[in-house]
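Asks: One letter stands for each residue in the lines below.
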Amino acid sequence: MMAEIGVYALCWALIVALLAVTIPSLGIWLNKPAWQRVIDRCIYAQSVCVACAFLCLAGCFLRNDFTVVYVLANASVALPWYYKLCAVWGGHEGSMLLWIAILSFWMVVVCITSRSLAPEIRIRVLIILAGLSVGFLLFLLVTSNPFSRQFVWLNTQGRDLNPLLQDPGFLFHPPILYMGYVGFAVAFAFAIATLCLGRFEPSWAKWMRPWTLAAWCCLTLGITLGSWWAYRELGWGGWWFWDPVENASLMPWLVGTALLHALMVVDKKTQLLSWTILLAIMAFSLSLVGTFLVRSGVLTSVHAFAVDPLRGAAILLFLTLVIGGSLALFAWRSQTVAQSMQVRPISKESALLLNNVFLVVMMLTVLLGTLYPLCIDGLGLGKLSVGAPYFNTMMVGLAIPFLFLMGLGLNVRWQTDNLWRVLQSLAWNMIISVIAPLCILLRFSNQLRITAYLGLVLSMWVLTTTLMILWRRLTRVPKKPLSGAFCGMLSAHLGVAVTVIGIAISTGYGKESTVIMRPNDHVHLAGFRVQLQSIQTIQGPNYHGIRAQFKVIWHKHQAMVYPEKRIYEVGQIPMSESAIDVTPFRDVYIALGEPFEQNAWSVRMYYKPFVRWIWVGGIAMFLGGLLALFDRRYYRKSGS
Amino acid sequence: MKLKISYCLPLGVFLALSLFFWRGLSLNPQHLPSSLIGHPLPVFNLPILGEDNSQHFTPNALRGHVSVLVVWASWCDACKQEQIFLFELARQGVMLYGLNYKDDPQTALDWLNDWGNPYRLIGQDRQGRVAMDLGVYGAPETYLIDANGYIRYRHPGILTASIWHKEFLPRMSVL
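Protein sequence lines correspond, in order, to chains A and B.
Take any residue in the first sequence, count from 1 to its spot, add 1: that is its number in the working numbering.
Take any residue in the second sequence, count from 1 to its spot, add 65: that is its number in the working numbering.
Rather than coming from a laboratory, the hints here were simulated on the basis of the structure.
Note that this is a predicted model, so its numbers are computed, not measured.
A portion of the hints provided could be inaccurate.
[To be verified] With the C-beta cut set under 10 Å, the calculated list includes, among others, these residues of chain A facing chain B:
#1 Pro-211
#2 Ala-215
#3 Ile-282
#4 Pro-310
#5 Leu-317
#6 Leu-382
#7 Val-387
#8 Tyr-391
#9 Gly-398
#10 Ala-400
#11 Phe-403
[As the list claims (entries may be wrong)] Dumping the calculated DSSO-like pairs for lysine-lysine here, alpha-carbon to alpha-carbon at most 27 Å:
#12 B:Lys-145 / B:Lys-167
#13 B:Lys-69 / A:Lys-384
#14 A:Lys-512 / A:Lys-480
#15 A:Lys-512 / A:Lys-269
#16 A:Lys-270 / B:Lys-145
#17 B:Lys-69 / B:Lys-145
[What the hints assert, rightly or not] Using C-beta positions, here's what the derived DEER-type ranges look like:
#18 B:Leu-80 / A:Ile-377: 28 to 34 Å
#19 A:Thr-394 / B:Ser-100: 48 to 54 Å
#20 A:Leu-235 / B:Val-108: 36 to 42 Å
#21 B:Leu-80 / A:Val-583: 36 to 42 Å
#22 B:Val-108 / A:Cys-440: 55 to 61 Å
#23 B:Arg-236 / A:Pro-310: 49 to 55 Å
From the three backbone atoms N, C-alpha and C, an ideal C-beta is built for every residue, glycine too.
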């Protein structure tokens, strides 16, 4: 019964969304304001229906309703209830339902908070969002119905959720990430609405910034969580693999960061408007392209959902209509909306523009690497894969000038400035950035790794220039309290510096060792003594296996860690649960490999100094966005 | 209103990309063709399974006629599934040769006792070095080799009638 209610709720949501698109559009065309006001109620109704469908699917999982094919494929009777709830978004159909649920949520929030916005732009934004819902709901109901049924009497436990996903990280990572992807739809809708309307009021930029910030925050947190989760879960001590799905989340993030910075210029000076509109279109388009890439079987990836070319064709059609349509609209209408750019060569505007250029080039680099195998195969030139060496080399090469520019750009004045003056004011920063890392590295280690040194120089540069901005602000205008946006900027930029430190040191000075150990053996790794104390068998709710007890000793510090090797009953899939001894300045990471005779096991050990700083930096960026989000200047009544 | 070329650039790039996406839907990224296709068999000299050490299995044994080389092992579960079809091929007169991959000779002989022997000759590749030269990445795999000893096709996985008809027969008819 629940499945029926769920599918009917989705059908109603589709009908209501269609009404939300057609009636107000006719209202605009025929100039009937009453028809335009219908959209609010339609959006509320749509979100109630979608919420109902989502709750029904969750209910089916909790009740082990194996007549629903999706539940059968993604859960088992013995799966703990919290993982059953996560399993709702464990497969393709459920995760598309999550997409739509989050889109409906964003639509309701936009609806409620945009009452003070000019009606002609508000109605178009809402119609476009409703149009996107129509597309997704159609796709869901026609090709990926989560409630499709099977009526064979099976004596089965269910196929079980993939063991890699049975982890607390899975509770947070997909919803937060989707909040980010879908959140860029608001900026997208705004950009398209502006193009349709044919004009742009300066106050609208202020309105658009919180939405972009919120989506960017969610995406930042989602990517950080995903990287941390991969590190914990996959057992190889790596935290970024340049997998197509990871790239699919990084690309909208890069463009989103560019959009945030471009909106600053639009807000302050109403310049760079058509470029900003293009960025908003690109950010959401990349979210859509990412969705296509991982669900169509076009690329191989560890993340990819089950391959189905029919779905791929349907998503591609949707993609072509939405992205092709919006880019065509951009080509046709953007000159009507925007004036020409008048940016002086040395100014904050040009620094921000250069920031955008670098970020977009980084995004194109990642896009090229991700799509290159597909293009080469498509041209019949053979099969090849593009991996970490390409991405690492290109991104590091682009990051070096980018980070240098970050420090410079913060200190350049609006309108026009003198480069020599800027460099002079930053002379001490340059000296400290070059000397301090040298002293630090030589004090704590007996060798100087050049790549780590370079990373530290650049992060010191960003650190000192950002702190200098704070110092100037505090000393020149002491009485005025620091605004949310300013604190947010500080936190986010410092976060970047912290992440670069984490990457530089953990890559440059990390150590690894693979040994065979028996109980009471010990090995030495980077000054640590690691001892295998005991091995016991364990039984979990839907798995059995062994748990090893390791003792990690360094001077007076002692810690016990418990890596496990599990076999999940349903698929007989073995999984390694790694154990990490965590302190703020280093991780010792231990994972079990294969068993040998006489109770011996192969053990992989990693010494990872400063690796936590990577994610601490990501959280700092997220907090920075959050602080900026609560700056009251965005929420004052819009004047002219 | 005039249409500036630079504003149309994003649309152009996207349309080109979507063409590749469309094309990509009909491709299979998991399908890996062998890099040895069109090249001669690598040189090898292996003891023959089941006989004394007087004769050896070399590429010369495959000269002068179209041959099919099957990589198999007793530990390979899937190899059992293609045995029936291999017998069918042997009955039709196809020249089948076996490469016993990373296997113990006695266990392999016992396996052949249970499951039958459709091969004219079987080479023992105990360490898998010849398989490595061939680019084998699992068992079973089937290679089509022409009369001059050049590799024409490689099928990874179980050999079935439909794959034989679709991939091997058309190539054999032109050899």
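Asks: Between Leu-80 of chain B and Ile-377 of chain A, does the beta-carbon spacing fit 28 to 34 Å?
Replies: Violated, at about 19 Å.
Asks: Under the criterion of a CB-CB separation shorter than 10 Å, is Pro-211 of chain A in contact with chain B as hinted?
Replies: 26 Å, violated
Asks: Holds or violated: the hint that Phe-403 of chain A contacts chain B, with Cβ atoms closer than 10 Å.
Replies: Where the cut-off is 10 Å and the nearest Cβ of chain B is about 22 Å from Phe-403 of chain A, the hint is violated.
Asks: Once the shortest beta carbon distance from Tyr-391 of chain A to chain B is found, is it less than 10 Å?
Replies: Tyr-391 of chain A check fails; min Cβ-Cβ to chain B is 17 Å, beyond 10 Å.
Asks: Leu-317 of chain A was flagged as interface toward chain B. Is the shortest Cβ-Cβ separation under 10 Å?
Replies: 5 Å, holds
Asks: Decide if the proposed pair is consistent with the structure: Lys-145 of chain B and Lys-167 of chain B, CA atoms, cutoff 27 Å inclusive.
Replies: 16 Å, holds
Asks: So, Leu-382 of chain A near chain B? Judge it on the closest CB pair being under 10 Å.
Replies: With Cβ-Cβ at 12 Å, over 10 Å, it is violated.
Asks: Is the hinted pair Lys-512 of chain A and Lys-480 of chain A satisfied, with a Cα-Cα distance of at most 27 Å?
Replies: 50 Å, violated
Asks: Take the C-alpha atoms of Lys-69 of chain B and Lys-145 of chain B, compute the straight-line distance between them, and say whether it is at most 27 Å.
Replies: 66 Å, violated
Asks: Does Ala-215 of chain A meet its interface restraint, that is, does its C-beta lie within less than 10 Å of any C-beta in chain B?
Replies: For Ala-215 of chain A, the interface hint is violated, since the closest Cβ of chain B sits about 25 Å away, which is over 10 Å.
Asks: Interface hint check: Val-387 of chain A, Cβ to nearest Cβ on chain B, cutoff 10 Å. Holds or violated?
Replies: 12 Å, violated
Asks: Is the hint on Ala-400 of chain A kept, meaning its closest Cβ partner in chain B is under 10 Å away?
Replies: With a closest approach of 24 Å, the Ala-400 of chain A hint is violated.
Violated hints, in rising order: 1, 2, 6, 7, 8, 9, 10, 11, 13, 14, 15, 16, 17, 18, 19, 21 and 23; the structure is consistent with all others.
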